[in-house]
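Protein chains: 2
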Amino acid sequence: MKPPEFLQQRQQQIELALSAMMQKRQTRIPQTLWKAMHYSLMAGGKRIRPALMLEVYQACGGKGDIMPVAMSVECMHSYSLIHDDLPCMDDDHLRRGIPTCHVAFDEATAVLAGDSLHTLSFELLSEMTVDKDLTPSLVQKMAVAAGAQGMGGGQVLDIEAEGRVDLDLLDVERIHIHKTGMLLRYCCEAGALLAKAEPEVAHACARYGEAVGLLFQIADDILDATATDAELGKSAGKDQAQEKSTYVSILGIEQAQEKLQEMLEIALEALEPLEEKAAQPLVLLANYIVSRKT
Amino acid sequence: MKPPEFLQQRQQQIELALSAMMQKRQTRIPQTLWKAMHYSLMAGGKRIRPALMLEVYQACGGKGDIMPVAMSVECMHSYSLIHDDLPCMDDDHLRRGIPTCHVAFDEATAVLAGDSLHTLSFELLSEMTVDKDLTPSLVQKMAVAAGAQGMGGGQVLDIEAEGRVDLDLLDVERIHIHKTGMLLRYCCEAGALLAKAEPEVAHACARYGEAVGLLFQIADDILDATATDAELGKSAGKDQAQEKSTYVSILGIEQAQEKLQEMLEIALEALEPLEEKAAQPLVLLANYIVSRKT
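Taken in sequence, the protein lines are chains C and S. Numbered by the working numbering, the letters in the first sequence go through residues 703 to 996 in order. Numbered by the working numbering, the letters in the second sequence go through residues 703 to 996 in order.
By construction, these hints were calculated from the structure, which means they are not laboratory data. Just so you know, not all the hints are guaranteed correct.
Said to hold, decoys possible - Below 20 Å or equal to it, Euclidean Cα-Cα: the simulated SDA-like pairs (lysine to any residue) are:
{"hint": "1", "chain 1": "S", "residue 1": "834", "chain 2": "C", "residue 2": "839"}
{"hint": "2", "chain 1": "C", "residue 1": "737", "chain 2": "S", "residue 2": "846"}
{"hint": "3", "chain 1": "C", "residue 1": "726", "chain 2": "S", "residue 2": "846"}
{"hint": "4", "chain 1": "S", "residue 1": "834", "chain 2": "C", "residue 2": "862"}
{"hint": "5", "chain 1": "C", "residue 1": "940", "chain 2": "C", "residue 2": "796"}
{"hint": "6", "chain 1": "C", "residue 1": "748", "chain 2": "C", "residue 2": "726"}
{"hint": "7", "chain 1": "C", "residue 1": "737", "chain 2": "S", "residue 2": "791"}
{"hint": "8", "chain 1": "S", "residue 1": "726", "chain 2": "C", "residue 2": "842"}
{"hint": "9", "chain 1": "C", "residue 1": "737", "chain 2": "S", "residue 2": "829"}
{"hint": "10", "chain 1": "C", "residue 1": "834", "chain 2": "S", "residue 2": "829"}
{"hint": "11", "chain 1": "S", "residue 1": "834", "chain 2": "S", "residue 2": "901"}
{"hint": "12", "chain 1": "S", "residue 1": "834", "chain 2": "C", "residue 2": "831"}
{"hint": "13", "chain 1": "S", "residue 1": "979", "chain 2": "S", "residue 2": "962"}
{"hint": "14", "chain 1": "C", "residue 1": "737", "chain 2": "S", "residue 2": "863"}
{"hint": "15", "chain 1": "S", "residue 1": "737", "chain 2": "C", "residue 2": "989"}
{"hint": "16", "chain 1": "C", "residue 1": "834", "chain 2": "S", "residue 2": "839"}
{"hint": "17", "chain 1": "C", "residue 1": "834", "chain 2": "S", "residue 2": "833"}
{"hint": "18", "chain 1": "C", "residue 1": "834", "chain 2": "S", "residue 2": "831"}
{"hint": "19", "chain 1": "C", "residue 1": "834", "chain 2": "S", "residue 2": "863"}
{"hint": "20", "chain 1": "C", "residue 1": "898", "chain 2": "C", "residue 2": "760"}
{"hint": "21", "chain 1": "S", "residue 1": "737", "chain 2": "C", "residue 2": "862"}
{"hint": "22", "chain 1": "C", "residue 1": "737", "chain 2": "S", "residue 2": "870"}
{"hint": "23", "chain 1": "S", "residue 1": "737", "chain 2": "C", "residue 2": "898"}
{"hint": "24", "chain 1": "S", "residue 1": "737", "chain 2": "C", "residue 2": "791"}
{"hint": "25", "chain 1": "C", "residue 1": "940", "chain 2": "C", "residue 2": "783"}
{"hint": "26", "chain 1": "C", "residue 1": "834", "chain 2": "S", "residue 2": "979"}
{"hint": "27", "chain 1": "S", "residue 1": "737", "chain 2": "C", "residue 2": "836"}
{"hint": "28", "chain 1": "C", "residue 1": "737", "chain 2": "S", "residue 2": "861"}
{"hint": "29", "chain 1": "C", "residue 1": "834", "chain 2": "S", "residue 2": "832"}
{"hint": "30", "chain 1": "S", "residue 1": "726", "chain 2": "C", "residue 2": "846"}
Work out the full structure: start from the sequences and follow the hints.
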């Protein structure tokens with residue numbers, strides 16, 4: 703299944719904005735560092751996080767330009783991938799079909815490129831002009847979602863879980879809510895808040911985001927177990943090789959696929975407070991995540 | 703020379719606030735990660751950055767509680783030390799007299815503890831309530847000072863300079879303005895802005911901060927060349943061993959000491975727009991940095 707057309711358009715729009723944003727900064731950043739940041743940030747990827755934010759914003763009736771906020775979360779995601787790939791972490795050599803940052807450059811540069819994209823993420827958020835009064839709250843929400851209480855903590859739980867065979871479904875879910883769910887939740891909540899959605903609607907969008915985060919992970923686990931390196935653009939079958947507890951290792955492929963359908967229903971139910979027509983792209987997005995092949 | 707008494711009081715006040723802030727978060731962060739963050743953040747240190755901010759705030763007539771902003775910059779500093787010490791960077795084993803984070807824990811935990819303190823820094827900044835309208839601008843200023851255009855970029859310049867013997871004074875100064883000066887500049891400017899100082903005064907404080915940053919570095923270079931491991935609580939004589947270009951390697955000890963006095967005068971002159979009595983602690987602070995032995 704190809705991405706829906708509106709998502710492809712979003713991706714292009716986001717790529718262009720990211721590229722212009724990086725160009726603007728080129729002369730103010732040491733060259734090697736800029737190249738490493740640019741290399742990882744512009745290495746493709748599905749741009750799901752900013753796309754989700756932009757779609758939620760539109761679905762909630764937002765009409766302004768929230769691209770700085772959308773780019774901000776993509777920089778945050780990109781930083782986390784660079785650091786997760788480091789030799790002392792997952793030691794990955796391939797990402798999106800090309801060498802990972804520390805392989806293409808070196809380890810010190812990769813650490814610093816990750817750090818710099820991390821800081822840039824907050825810099826971009828501070829540049830949002832649609833509703834300046836929301837900035838403190840968005841900075842706080844993004845920091846909690848991305849930091850030790852969220853994504854960063856999730857990575858620690860993930861590392862600690864390696865090689866352990868006694869994990870159950872709740873343990874695995876806890877890892878992924880932290881590692882993926884909270885930042886996706888933030889994306890959707892931020893999109894709704896920026897569009898001045900009613901609290902009930904903003905909360906619904908946040909729940910949708912969290913469900914989409916788990917959807918994403920279950921789909922990833924299934925792909926890791928069933929796809930090839932070439933299809934994925936990264937090393938496949940790694941979970942099993944590393945004896946990692948995943949939805950697939952705990953449930954088996956068939957039940958993992960059932961779980962995926964269940965989670966899709968949860969995501970779609972969360973959208974009920976939104977107008978049906980406005981929510982349509984969010985429905986398509988969730989369906990695309992379930993059926994994507996890479 | 704012992705730190706002036708008001709600085710010792712500030713340090714205690716900051717230690718207590720940092721400790722309470724970390725305690726509050728303990729149950730919401732995976733245990734290993736929390737311990738590593740706590741280990742590095744609470745491992746002493748002079749707390750010069752938050753102390754400077756609090757003193758500038760007071761010197762400019764501020765009466766509110768800006769401790770979240772002060773703690774924020776200390777978390778930023780602490781993150782940068784953890785990452786700078788990593789094996790792929792400076793590979794340091796000793797910091798403030800105790801093992802560095804990656805030695806006390808492991809490399810992956812140190813990367814993530816640094817990352818988490820980095821995010822926490824922005825989280826704390828978002829919690830400032832003294833003047834919420836200032837938050838976007840402070841987030842932006844701190845991100846620029848700490849990111850690829852500032853401290854992060856400075857670390858890249860520093861790494862690239864290693865082993866090069868053709869650096870001159872301007873090159874070394876450029877490294878340190880980025881690596882140390884810009885964040886100290888931000889501390890002083892933020893203190894003034896939060897106290898609603900006139901633009902001229904805020905600008906003067908910013909210049910004072912940048913000069914103090916260079917003061918600090920020149921003093922560090924001199925200490926590295928003249929003090930022992932035990933006095934410093936870290937490896938001394940490292941600059942020479944690594945053939946690093948420093949103020950001392952380029953100027954020699956005597957001229958580096960003259961440069962230190964010159965920079966002290968620049969820092970003190972910058973304070974002229976402030977009331978003399980109010981500026982007194984800032985004068986003492988600059989003098990202390992020049993004459994400190996550790």
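Here is what the structure says about each hint:
Between the alpha carbons of residue 834/S and residue 839/C the distance comes to roughly 10 Å, so the proposed pair stays at or under 20 Å and holds. Among the hinted pairs, residue 737/C with residue 846/S is consistent with the structure: their alpha-carbon atoms are about 18 Å apart, no more than 20 Å. At most 20 Å may separate the alpha-carbon atoms for a hinted pair to count; residue 726/C and residue 846/S meet this at roughly 14 Å. For the hint linking residue 834/S to residue 862/C, the alpha-carbon distance of about 39 Å lies beyond 20 Å, and the restraint is violated.
The hinted pair formed by residue 940/C and residue 796/C meets the criterion: a straight-line CA distance of about 12 Å does not exceed 20 Å. The straight-line distance between the Cα atoms of residue 748/C and residue 726/C is roughly 23 Å, outside the 20 Å bound, and the hint therefore fails. A distance of roughly 18 Å separates the Cα atoms of residue 737/C and residue 791/S; the hinted pair therefore holds under the 20 Å criterion. With a C-alpha separation of about 16 Å, the suggested pairing of residue 726/S with residue 842/C holds against the 20 Å cut-off.
In summary, the hint linking residue 737/C to residue 829/S is not supported, as the alpha carbons are separated by about 34 Å, beyond the 20 Å threshold. A C-alpha spacing of about 15 Å is found between residue 834/C and residue 829/S, which places the hinted pair at or below 20 Å, so the restraint holds. For the hint pairing residue 834/S with residue 901/S, the CA-to-CA distance comes to about 19 Å; that is within 20 Å, so the pair holds. For the proposed pair residue 834/S and residue 831/C, the alpha carbon gap of about 15 Å is at most 20 Å, so the pair holds.
Annotation: proposed proximity of residue 979/S to residue 962/S is violated, straight-line Cα distance about 24 Å (limit 20 Å). Between residue 737/C and residue 863/S the CA atoms are separated by roughly 18 Å; this keeps the pair inside 20 Å, and the hint holds. Pair hint residue 737/S plus residue 989/C does not hold up; C-alpha atoms about 41 Å apart against a cutoff of 20 Å. For the proposed pair residue 834/C and residue 839/S, the alpha carbon gap of about 10 Å is at most 20 Å, so the pair holds.
A threshold of 20 Å between alpha carbons decides the hint, and for residue 834/C with residue 833/S the separation of about 13 Å falls inside it, so the pair holds. With a C-alpha separation of about 15 Å, the suggested pair residue 834/C and residue 831/S falls inside the 20 Å cut-off, and the hint holds. For the hint pairing residue 834/C with residue 863/S, the CA-to-CA distance comes to about 41 Å; that exceeds 20 Å, so the pair is violated. For the given pair, residue 898/C sits about 11 Å from residue 760/C by alpha-carbon distance, which is consistent with the 20 Å threshold.
The straight-line distance between the Cα atoms of residue 737/S and residue 862/C is roughly 15 Å, inside the 20 Å bound, and the hint therefore holds. At most 20 Å may separate the alpha-carbon atoms for a hinted pair to count; residue 737/C and residue 870/S exceed this at roughly 25 Å. For the hint linking residue 737/S to residue 898/C, the alpha-carbon distance of about 39 Å lies beyond 20 Å, and the restraint is violated. Annotation: proposed proximity of residue 737/S to residue 791/C holds, straight-line Cα distance about 18 Å (limit 20 Å).
In summary, the hint linking residue 940/C to residue 783/C is supported, as the alpha carbons are separated by about 16 Å, within the 20 Å threshold. Annotation: proposed proximity of residue 834/C to residue 979/S is violated, straight-line Cα distance about 37 Å (limit 20 Å). Simply put, residue 737/S and residue 836/C have alpha-carbon atoms about 32 Å apart, too far for the 20 Å limit, and the pair is violated. Between residue 737/C and residue 861/S the CA atoms are separated by roughly 16 Å; this keeps the pair inside 20 Å, and the hint holds.
Restraint check: the Cα-Cα separation between residue 834/C and residue 832/S comes to about 16 Å, which is no more than 20 Å; the hinted pair holds. The suggested pairing of residue 726/S with residue 846/C holds, with an alpha-carbon distance near 14 Å, which does not exceed 20 Å.
The structure is inconsistent with the numbered hints 4, 6, 9, 13, 15, 19, 22, 23, 26, 27, although it conforms to all the rest.
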